[in-house]
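Turn these sequences into a full structure, and let the hints guide you.
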Amino acid sequence: MDYTKKLSRAIGKQVAKRRQKVGLTQSALAEKLHISDAHVSYIERGERGPSLVMLHKMAKVLGTTVGNLVPMEL
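Here the sequence shown stands for residues 1 to 74, numbered as in the numbering used here.
No lab work stands behind these hints, which were simulated from the structure alone.
Computed from a predicted model, the values in this text were never measured in an experiment.
Glycine included, each C-beta is placed from N, C-alpha and C at the ideal position.
Honestly, I wouldn't trust all of these hints.
[What the hints assert, rightly or not] The calculated lysine-lysine pairs, modelled on DSS-like cross-linking and capped at a C-alpha distance of 30 Å, are: (1) Lys57 to Lys17; (2) Lys17 to Lys32; (3) Lys60 to Lys13; (4) Lys21 to Lys57; (5) Lys32 to Lys6; (6) Lys5 to Lys60; (7) Lys6 to Lys57.
[Stated by the list, open to error] Pairwise CB distance ranges, derived in the manner of DEER restraints: (8) Gln20 to Met54: 13 to 21 Å; (9) Ser41 to Thr4: 28 to 36 Å; (10) Glu31 to Leu74: 17 to 25 Å; (11) Gly63 to Asp2: 26 to 34 Å; (12) Lys13 to Ala38: 31 to 39 Å; (13) Met54 to Lys6: 13 to 21 Å; (14) Glu31 to Tyr3: 26 to 34 Å; (15) Asp2 to Glu31: 31 to 39 Å; (16) Leu52 to Glu73: 19 to 27 Å; (17) Ser27 to Tyr3: 25 to 33 Å; (18) His34 to Glu73: 29 to 37 Å.
Next up, the structure:
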């Protein structure tokens with residue numbers, strides 16, 4: 001598996017973990033981000049990597065930092 005795919009999966013896991021911690025559904029997160037719930041699902045499964053802008057928006061909505069969503073180790 002290439003680095004980009006590994007990173008996308010790792011970010012997706014962190015997004016899902018944080019979303020669940022704050023008690024949001026994928027649909028609720030999608031609504032706050034003005035994207036589809038399918039897009040949130042793709043990101044959480046690592047099928048799509050979020051843009052830097054989207055990652056920043058996600059961090060803000062989830063009450064965390066971009067650094068907490070992007071793991072240093074893969």
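Could you check the structure against the hints above and give me the numbers of any it violates, in ascending order? 9, 10 and 12
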